[in-house]
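Asks: Spelled out from the first residue to the last, the chains are:
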Amino acid sequence: MPVDLVDPFANEAEETARPMRDLIRSYFRSPIGTFGLVLMVLIVLAAVFAPFLSFQNPYDLLQLDILDGQLKPGETSAAYGYPYMLGTDDQGRDMFSAILYGLRISLGVGILSATTAALIGATLGLVAAYHGGRLESIIMRLVDFQLSFPTILVALMILAVMGKGIGNVILALVLVEWATFARTARGVGLVESRKDYIEASHVLGVPSWRILLRHLLPNCIPPLIVIATVQVARAISLEATLSFLGVGVPITEPSLGLLISNGYQYMFSGMYWMSVFPGLALLVTIVAINLVGDRLRDVLNPRKDT
Amino acid sequence: MAFSAQLRPEETQPILSVSGLTTSFKVARGWKPVVRNVSFDIGPRETLAVVGESGSGKSVTAMSIMGLLNPRTSLIEGEIRFDGTSLTRLSDAKIRRVRGSDMSMIFQDASLNPVYTVGFQLTEVLRLKRGMSRSQATEEAVTLLEKVRIPAARKRLGDYPHQLSGGMRQRVAIAMALACKPRLLIADEPTTALDVTIQAQIIELIKLLQDEEHMSVMFITHDMGVVAEVADRTAVMFRGDLVETGTTQEIFARPREAYTKALLASIPRLGSMNGTDFPQPFELIDHRTGEPVAAAATPLPAAPAGSLSLLDVDQLSLRFDVRGGYLNRLIGRVHAVEDVSFSIAPGETLSLVGESGSGKSTTARAIMGLSSMVRGDIRLGGLVAAGPKAAPRSVLCRKQQMIFQDPFASLDPRFRVGDLLAEPLRLHLKLQETEIEQKVVALLRDVGLRPDMAQRFPHQFSGGQRQRIAIARALALDPQLVVADEAVSALDVSVKAQVINLMMEIQRERQLSYLFISHDMAVVERISHRVAVMYLGRIVEIGPRRSVFENPSHPYTRQLMAAAPVPDPSRRQLRRGLVADEIRSPIRPKGFAPALTRMIEVAPDHFVLDLPDHAPEFP
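Going line by line, the protein sequences match chains A and B.
First residue of the first sequence: 1, per the working numbering; consecutive thereafter.
First residue of the second sequence: 1, per the working numbering; consecutive thereafter.
Please note that the accuracy of each hint is not assured.
As the list claims (entries may be wrong) - Partial selection, computed: residues in chain A whose CB lies under 7 Å from chain B:
| # | residue |
| --- | --- |
| 1 | Ala50 |
| 2 | Ser54 |
| 3 | Asp196 |
Stated by the list, open to error - In silico DSSO-like links for lysine-lysine, alpha-carbon gap of 30 Å or less:
| # | chain 1 | residue 1 | chain 2 | residue 2 |
| --- | --- | --- | --- | --- |
| 4 | B | Lys147 | B | Lys207 |
| 5 | B | Lys129 | B | Lys207 |
| 6 | B | Lys129 | B | Lys147 |
| 7 | B | Lys129 | B | Lys181 |
| 8 | B | Lys389 | B | Lys399 |
| 9 | B | Lys155 | B | Lys207 |
| 10 | A | Lys195 | B | Lys207 |
| 11 | A | Lys195 | B | Lys389 |
| 12 | A | Lys195 | B | Lys439 |
Claimed, not checked - Now the stretches of chain A that chain B is said to cover, found in silico as 3 or more residues with beta-carbon under 8 Å:
| # | segment |
| --- | --- |
| 13 | 89-96 |
| 14 | 198-209 |
Keep in mind the hints are simulated off the structure, nothing from the lab.
Each residue gets a CB set at the ideal place from its N, CA and C atoms; glycine is no exception.
Just need the whole structure built from these sequences, with the hints factored in.
Replies: Here it is, written out as structure tokens:
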């Protein structure tokens with residue numbers, strides 16, 4: 001049995017024990033990052049509990065009263081007796097309720113498309129990094145091809161062919177976004193797969209798929225999380241753009257972009273609330289998510305200066 | 001406890017005087033001292049070595065003196081006097097005037113700006129600091145480069161840093177440090193990134209320049225061998241404290257503190273094994289008590305004579321294409337490994353020694369099946385180990401395993417240690433979960449770790465402990481051969497000796513064979529039964545360790561042994577004469593036909609490469 005001498009460096013290493021806790025603590029060191037996160041959580045909660053926060057289901061046409069149309073913020077409903085805090089649109093839809101429900105669609109589309117794109121893109125990128133050779137060339141040329149087109153143009157073309165609908169919007173967003181993830185994942189994957197622990201796994205006879213999934217992927221996650229956060233914001237704004245242009249969600253279930261578009265024609269008649277409030281909601285949402293993304297980038301970057 | 005260093009009687013006024021220096025870094029809550037109450041003096045023309053392992057605060061001490069620490073995140077207390085003036089109270093602008101003209105610093109990797117030529121960077125300093133005109137500065141730059149013994153100095157002025165080798169870059173950095181005729185040169189690990197023969201050149205150069213320029217030198221290093229070569233006085237640091245100061249002779253001959261004793265006991269000394277045949281563990285000393293550790297320092301037995309060899313490498317060659325020019329044509333090949341043959345018996349350690357580019361690691365990777373493009377035969381106990389006909393990995397990995405150089409990179413940071421050790425067991429052995437757990441516990445015990453450490457992540461361990469984990473993982477499948485690629489090179493001295501002892505104990509218990517790859521002759525002398533010296537992809541000398549070390553027959557082996565720093569100031573070598581030889585490149589033009597290998601037996605089982613005089617590869 002070998003004799004153990006006490007390692008003079010042993011205790012030092014034990015001190016740095018809780019990586020997750022340290023990460024969280026260092027996230028909240030920034031007031032702006034904290035503000036962004038609080039805002040984002042509030043927005044998500046508002047979207048999730050929309051049915052309880054609003055007194056009207058803006059998608060249920062039976063609940064709308066055309067006589068309540070085009071009311072100013074603060075005016076009271078003739079039919080229900082509630083005040084419309086943010087006014088109504090031309091069909092008598094309560095703007096506050098419509099924004100909350102619109103947020104649901106925007107966030108849902110954004111998160112769903114970003115995660116799907118992340119899954120597909122990261123997988124392809126990591127496979128390219130790990131496998132190398134011809135497979136890598138094919139995947140990465142496909143990425144280059146994809147990224148050489150303006151995103152909005154590609155999304156417009158896809159929706160023009162496939163028609164409106166939330167499902168199709170998500171599909172279009174995934175198709176334009178996966179390439180960003182693939183490129184990032186390949187970059188990180190290349191760095192990681194040259195490290196000794198990957199080679200050590202080879203030597204230990206760990207099968208390739210297992211090395212890829214259990215060793216490579218978990219070590220590439222941090223930068224992908226940052227990209228994913230920013231991509232959620234990008235997807236939300238892209239969805240809003242598409243809806244604004246009239247190729248996004250159906251008119252009966254307006255998302256924020258469509259609400260802006262609907263109100264847009266009344267802008268010059270002084271009925272600013274129909275597009276300004278959804279616009280503000282969209283802006284705040286995107287800013288909040290980007291603040292969180294920026295802070296995550298700082299926190300997850302190993303070379304941070306704090 | 002602080003030792004205020006004694007002034008040498010003949011020195012009246014120290015050039016640098018540090019007293020009660022405490023440097024703290026900002027942490028989440030308050031300030032954490034990393035250097036505590038350190039005091040020492042450096043006299044005129046004196047060399048003080050500050051020696052310590054990682055985290056000892058030796059570099060931070062130097063940075064504090066130079067005023068290079070960010071004042072927002074670091075706090076310097078105490079007194080630093082340079083030639084009588086206090087540096088701690090000087091303004092930034094005034095410090096800048098002292099820094100670079102009265103004292104200069106050289107770093108581990110020559111700090112040159114990659115986008116400017118060597119000449120531009122040198123003349124810039126001369127024009128700014130010494131107010132020279134362009135033509136004067138150019139002449140002076142040439143003189144400086146000649147001073148640091150760079151051949152064809154004038155031609156080198158137009159070179160960019162990447163066109164120079166590591167040793168030449170370090171020479172240029174020294175030339176820049178000398179540009180303003182400093183009175184104190186602070187050298188922070190200036191030779192650590194260099195090969196041994198180049199390291200010897202740079203040390204020689206610094207000693208020579210010190211004589212010529214009448215400088216004082218503060219030499220920061222982790223290598224006791226280098227200390228013994230250069231220093232008049234030595235200061236030993238440990239975890240932010242100055243443990244002991246004294247003349248270098250005193251420190252080596254009569255260390256007072258337990259830590260110094262432990263440190264000295266753990267240095268491998270080239271030549272300490274003369275007259276013995278077999279590897280022998282270090283006799284270590286506990287760094288807290290200063291008492292010897294009751295270790296089984298008995299020599300390891302030899303491999304049973306006449307047994308079948310375990311690993312056979314036969315005429316192994318590996319070449320990598322070098323492409324360039326228009327349309328990426330093949331313009332040459334790196335002859336990384338050239339016609340290498342050797343074998344290893346069960347229970348035997350064969351070491352491959354050589355400097356960077358010698359092909360030792362490439363050989364190891366080829367044996368482990370990590371390289372494609374292999375020519376020749378590698379057989380492991382009847383199995384083909386590499387090449388297109390290799391046995392499946394799942395079979396090979398139970399017979400041969402590898403330990404990597406950097407224990408911070410070779411363990412997946414997201415796996416608990418227990419899972420890291422269990423992974424190969426789960427994949428290759430059909431065992432119950434409880435059996436796996438027992439095996440993990442046994443493995444941890446075997447390498448001197450506690451079983452409860454299985455719950456931790458790799459970053460919660462020190463470098464030495466991580467390398468133990470890597471060893472445990474390599475042993476998990478009970479292999480017959482372990483390839484250790486520079487497995488102890490990244491470790492601190494005191495830990496290095498422990499890990500080497502551990503490897504020997506494991507060999508004794510399990511009858512393992514090692515292929516031990518290292519650039520460190522002294523470590524190799526300790527651990528090997530047999531040694532193969534590699535140079536430019538070829539084995540130039542191979543034989544029993546005793547025969548090769550006591551009677552080195554190839555000129556390169558002799559060069560390598562002469563270059564290794566001797567950790568004994570009384571045997572400080574006479575000036576070796578300053579050469580500027582470079583390590584040669586193994587890149588050959590397309591269609592190059594290497595000479596055939598012919599080995600001559602100079603002693604029983606001891607072979608030396610014999611190349612015809614006209615062979616194009618060697619000098």
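Asks: Please go over all the hints and tell whether each is borne out by the structure.
Replies: Going through the hints against the structure:
For alanine 50 of chain A, the interface hint is violated, since its Cβ never comes within 7 Å of a Cβ in chain B; the closest pair sits about 38 Å apart. With 7 Å as the threshold, the beta carbon of serine 54 of chain A stays out of range of chain B, its nearest partner Cβ sitting at about 43 Å, so the hint is violated. Taking 7 Å as the C-beta cut-off, the interface hint given for aspartate 196 of chain A holds, the closest approach to chain B being about 4 Å. For the given pair, lysine 147 of chain B sits about 12 Å from lysine 207 of chain B by alpha-carbon distance, which is consistent with the 30 Å threshold.
Restraint check for lysine 129 of chain B and lysine 207 of chain B: the C-alpha separation of about 25 Å stays at or below 30 Å, so the hint holds. The suggested pairing of lysine 129 of chain B with lysine 147 of chain B holds, with an alpha-carbon distance near 19 Å, which does not exceed 30 Å. Between lysine 129 of chain B and lysine 181 of chain B, the direct Cα distance comes to roughly 11 Å. Compliance with the 30 Å bound is thereby established for this hinted pair. Annotation: proposed proximity of lysine 389 of chain B to lysine 399 of chain B holds, straight-line Cα distance about 17 Å (limit 30 Å).
Straight-line distance between C-alpha atoms of lysine 155 of chain B and lysine 207 of chain B comes to about 26 Å, which keeps the hinted pair within the 30 Å bound. Using a Cα cut-off of 30 Å, the hinted pair lysine 195 of chain A and lysine 207 of chain B is violated, with the two alpha carbons roughly 39 Å apart. A threshold of 30 Å between alpha carbons decides the hint, and for lysine 195 of chain A with lysine 389 of chain B the separation of about 27 Å falls inside it, so the pair holds. Our distance criterion of 30 Å between C-alpha atoms is met by lysine 195 of chain A and lysine 439 of chain B, whose separation comes to about 27 Å.
A count of 0 residues in the segment 89-96 of chain A with a Cβ less than 8 Å from any Cβ of chain B is obtained; the coverage claim is therefore unmet, three being the minimum. Beta-carbon proximity to chain B at under 8 Å applies to 9 residues in the segment 198-209 of chain A; the threshold of 3 is reached and the given coverage holds.
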